[in-house]
Amino acid sequence: MKRLQVAARSAVRDVDVEIDVAPGEVLAVLGPNGAGKSTVLAMAAGLLRPDGGRVVLGDTVLSDAATGTFVPPHKRGIALLAQQAMLFPHLTVAANVGFGPRSRGRGRAASRSIADEWLRAVGVEHLAKRRPSQLSGGQAQRVAIARALAGEPDILLLDEPMAALDASGAPELRRLLREVMSVQRRTALLVTHDLLDALALADTAIVVEAGRIVERGDVRSVLTTPRSAFGARIAGVNLVTGRVDSPDSLQTDWGATIYGIVADGFRGAGVALFSPDAVAIHLEPPRASPRNVLPVTVLALDVHGHAVRVTGAVPNGPQMAADVTTRAVADLDLVVGQQVCFVVKAQEVRIHPAHT
Amino acid sequence: MYVPAAIGGLFVILPLVAMLLATDWADFWSLITSESSRAALLLSLRTAAASTVVCIVLGVPMALVLARSHFPGLAVLRSLVLLPLVLPPVVGGLALLYAFGRRGLLGKHLEAFGIHIAFSTTAVVIAQSFVALPFLVVSLEGALRTAGERYEAVAATLGANPTTVLRRVTLPLVLPGLISGAVLSFARALGEFGATLTFAGSLQGVTRTLPLEIYLQRETDPDAAVALSLLLIVVAVLIVVGVRGRSWGSAL
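As you go down the protein sequences, you meet chains A and B in turn. For the first sequence, my numbering assigns the number 1259 to the initial residue and increments by one for each residue that follows. For the second sequence, my numbering assigns the number 27 to the initial residue and increments by one for each residue that follows.
Keep in mind that the hints were calculated from the coordinates and are not lab data. Take these hints with a grain of salt, some might be off.
Stated by the list, open to error - Computed from the model, here is a short list of chain B residues facing chain A with C-beta under 8 Å:
{"id": "1", "residue": "Phe145"}
{"id": "2", "residue": "Ala179"}
{"id": "3", "residue": "Val180"}
{"id": "4", "residue": "Thr190"}
Beta carbons: idealized from backbone N, C-alpha and C, even for Gly.
Modelling step: build the complete structure from the supplied sequences, incorporating the hints.
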């Protein structure tokens, strides 16, 4: 595990960023298309030569525009996993996975056994002798994960690895990535526009807009209280962390139970997501169960046109937001400091695996 | 649309049919196995094979540079490489003579070492390589562009150095393009006439390739010329079918 520091700019693509990823940390790079997310990755990988600044991995300077230092990609100890699996079409699955070890000087037999090991780890050892053209998208991406990890990279660069998969393939692969990345903690950069990827895999996040970092911090704080336009668009959701031990609910750290739809029946660390639109505000707890009823103290009322965002805090728990009409605020006579109940239908709550 | 297409098809096929009808089948075998014919055929096959090797040795690096590097003047360089494709072969042969001939730019220095190129079998190979090279370069460059650089980038991030990338990724990926380019070069070399005659002359067994033999025989023994032409047509058809069949196969 090594620390990765990138403080680099590319004039051509108008990207200028500074990031510092601690050993074993996974940093999510969020942002709209064309914001420069992939450029950050390309500069870390050595596929793009920065016009200025430095890229440092551990104690090694990978590139430094001031001294002209530039370590080519094949000497960097990195692995890149992209949206397309990009398996070499002329090699078998096993040879694809063995490509990294072979290229880094391992023998034929050693590479073969490393390949077998990783194919087993991602659950596709039965496909070893196939050609990439005989694989489904999900299978190919599993093989690509095995290939990326078989080279024992110091840094894993993930460029929207789930984006090309269909709705059923993405969660499965996300879970697999979580597994393989938690077995051996690896410093990683994860480019994504999907908050579920960031929640499942990353510790920290940055938001890139027009080539500049506009926001950075802990994944959850970036996603729950976004300060950037993009952050607000993909996130701005209510997010409650906890553990999932039953098929329909999440147990929070502060002792509440949130009912919702649990993504393909997983167990363990999870996060419940629901939109502020889905939150209704009641002065007294309603009788109808199994709704989620959360007692909160009103912290702020912000008017946005006809809607009012009501921010509330759960005692000893997180903040959350409700979007209601100005009319509702007037009817309820809401004021800051008031005790109210946030009510959310279980149907409106999605519970997903989270990175611990 | 079908009518002009049919006329076009006939335009290509009719001359071949006419030649088939004119063939003297009774003496066909003896005509194509006469001593001069055999010598010409063997020389053609040998020189065309040699120039295909030359085209591969020179053309692969050229295609790689054209497809993978970025520098000012690349477009001009690409046009220059394609020049032999549009140049009349006689002009090419003349140009070669001024480069490698006895008094040529390079030839006069080679002469000092006792190396005579013009009017030798080497000259045939040079003339054929000169006209056939663009076929290989164009075909391979197209394949390299289609394959793109993304596989190479992936290979590099997996720790493969540039030599390994070339050997284990780039070349295997463009192999179909390389093969079809080589076959086209071979075919072009086999049919070479103008540049060969100008630069290498027409010496039986040394520089008189099959097309030259056909041209000469036409004056003295038209039946032999037709028989030999048929032989070249058969070789050409085999090559075209071979290349097309391969590309269809890989497309499926």
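Exercise for the section: Hold the hint about threonine 190 (chain B) up to the distance rule: shortest CB distance to chain A must be less than 8 Å. Expected result: Interface hint status for threonine 190 (chain B): holds (6 Å vs cutoff 8 Å).
Problem - Interface hint outcome for phenylalanine 145 (chain B) [beta carbon to chain A under 8 Å] - result: Nearest chain A Cβ about 45 Å off; hint violated.
Practice task
Under 8 Å, Cβ to Cβ, is where valine 180 (chain B) needs to be relative to chain A, so tell me if that hint holds or is violated.
Solution key: Status holds, d = 5 Å.
Problem - Agreement of hint alanine 179 (chain B) with chain A interface, Cβ distance less than 8 Å - result: Check passed: Cβ of alanine 179 (chain B) comes within 5 Å of chain A, closer than 8 Å.
Of the numbered hints listed earlier, the single one contradicted by the structure is hint 1.
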